[in-house]
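Now for the letters of each chain:
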Amino acid sequence: MKPFIALLCGTLFGFGLALSGMTDTQKVIGFLDIFGHWIPDLALVMASAVIATTIGFRWVLQKSSPLFDNKFYLPTKIILDKKLISGAALFGIGWGLYGYCPGPAIAALAYLNSSSLIFLISMFVGMLLFHYLEKASIKP
Amino acid sequence: MTDFINPILGGLIISFSVILLMYLLGRIAGISGIFWGAVQPTALANYFSKDRAWNWLFLLGLPLGAWLAKVLLHISPTPPSGDILLTIIAGLLVGAGAKISSGCTSGHGVCGISRFSMRSIIATLVFMTTGIITVFIMSQFGEMI
Numbered sequence: 001m002k003p004f005i006a007l008l009c010g011t012l013f014g015f016g017l018a019l020s021g022m023t024d025t026q027k028v029i030g031f032l033d034i035f036g037h038w039i040p041d042l043a044l045v046m047a048s049a050v051i052a053t054t055i056g057f058r059w060v061l062q063k064s065s066p067l068f069d070n071k072f073y074l075p076t077k078i079i080l081d082k083k084l085i086s087g088a089a090l091f092g093i094g095w096g097l098y099g100y101c102p103g104p105a106i107a108a109l110a111y112l113n114s115s116s117l118i119f120l121i122s123m124f125v126g127m128l129l130f131h132y133l134e135k136a137s138i139k140p
Numbered sequence: 001m002t003d004f005i006n007p008i009l010g011g012l013i014i015s016f017s018v019i020l021l022m023y024l025l026g027r028i029a030g031i032s033g034i035f036w037g038a039v040q041p042t043a044l045a046n047y048f049s050k051d052r053a054w055n056w057l058f059l060l061g062l063p064l065g066a067w068l069a070k071v072l073l074h075i076s077p078t079p080p081s082g083d084i085l086l087t088i089i090a091g092l093l094v095g096a097g098a099k100i101s102s103g104c105t106s107g108h109g110v111c112g113i114s115r116f117s118m119r120s121i122i123a124t125l126v127f128m129t130t131g132i133i134t135v136f137i138m139s140q141f142g143e144m145i
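Residue numbers (the numbering used here), protein chains in the order written: chain A, 1 to 140; chain B, 1 to 145.
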C-alpha cells in the first residue's frame, strides 16, 4: 500500500505543479520580477496551497498517528541558525537565476528537455558537496 | 480568467497531495528532502532498499503528473534557458542551498508555513528576497547587453 500511496501523492504533486505553471521557468522568474513585469500566478499557487494545507494539517496532526505508519515524521529543529539563513539565501539565488526549484525540476523531466537533467545532476552535486564538507568539518 | 484558475487549482492539488502524504504516511512532502532521501550516498544495494522505495516512487510520480497534465490538458511550458553554464550554477546553488537550510519551496514554503514553523517562515522570506534581488540584477544585465 505504501509504495502506491507515494506514487499517487507524487503524481498529484507533479500534476499540480504543471497545472499551476511552476514548471515554467519564465513564470517563476516573472513572479520574482516584482520590479519589472510581475507575473502574479505563483503568488496564487503559494497562497492557495498554504491556506488549504494549513486547514488540512490542523485536522491531520490532531490524530495520534498517520494511517499507514506509527508516527508523524516532523522536523524537530526550532532554532534559527546561520545555516538556515545562508542556505535559504543561496537557494533563492539559484532559484532566481534559472527559475527551477527541486520539485518542478524533477517534474520537468516529463518534457524530455536535457536542461532539466543537467540542472538535477548539478543539484545533486551541490547537495553532495555540502554533505561531504559538513562531514569533514565534524571530524576532529 | 483561466490565468487565475489554473494557479489556484494547481495550488489546491499540490496541497491535497501534501495533506494526503501526511495523513497516510506521516511524511512531509518536501521535495529536496525526499530527493536526498532517495539519492544520498550509501552502499549500492541500499539504493533501492525498502526504506527508500517511497522516496523513489514519489519522485517518479512528479514527471508522471506533469506528463499527464501535458497529455490531458495540453500544458507544455516554455523550455528553460539552454545556457549550460547558467543551468549548472543555478542547480549547484539550489542543491547546496536546500541541503544547508534543510528545505526548499515545498518543505519550507508550503509544509513549514502551514505548520507555522518559524524556521520555515524565515527561510521562505529569505529565499524569496534573494530570488527577487537576483532576478532584478539579471534583468539589469539583460538591458546592458
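If you're looking for bench data, these hints aren't it; they were derived computationally from the structure.
Please read all numbers here as calculations on a predicted model, not as lab measurements.
Every residue, glycine too, gets a C-beta built ideally from N, C-alpha and C.
Don't take each hint at face value.
Label pairs and their in silico Cβ distance ranges [unchecked claim]:
| hint | chain 1 | residue 1 | chain 2 | residue 2 | range |
| --- | --- | --- | --- | --- | --- |
| 1 | B | P41 | A | S64 | 42 to 52 angstroms |
| 2 | B | T129 | A | T54 | 20 to 30 angstroms |
| 3 | A | A136 | B | D3 | 44 to 54 angstroms |
27 angstroms max Cα-Cα, derived BS3-like pairs, lysine-lysine [what the hints assert, rightly or not]:
| hint | chain 1 | residue 1 | chain 2 | residue 2 |
| --- | --- | --- | --- | --- |
| 4 | B | K70 | A | K71 |
| 5 | A | K82 | A | K2 |
| 6 | A | K135 | B | K70 |
Hints versus structure:
no. : hint                                 : in the structure
1   : B:P41 <-> A:S64: 42 to 52 angstroms  : 35 angstroms, violated
2   : B:T129 <-> A:T54: 20 to 30 angstroms : 22 angstroms, holds
3   : A:A136 <-> B:D3: 44 to 54 angstroms  : 49 angstroms, holds
4   : B:K70 <-> A:K71                      : 36 angstroms, violated
5   : A:K82 <-> A:K2                       : 36 angstroms, violated
6   : A:K135 <-> B:K70                     : 42 angstroms, violated
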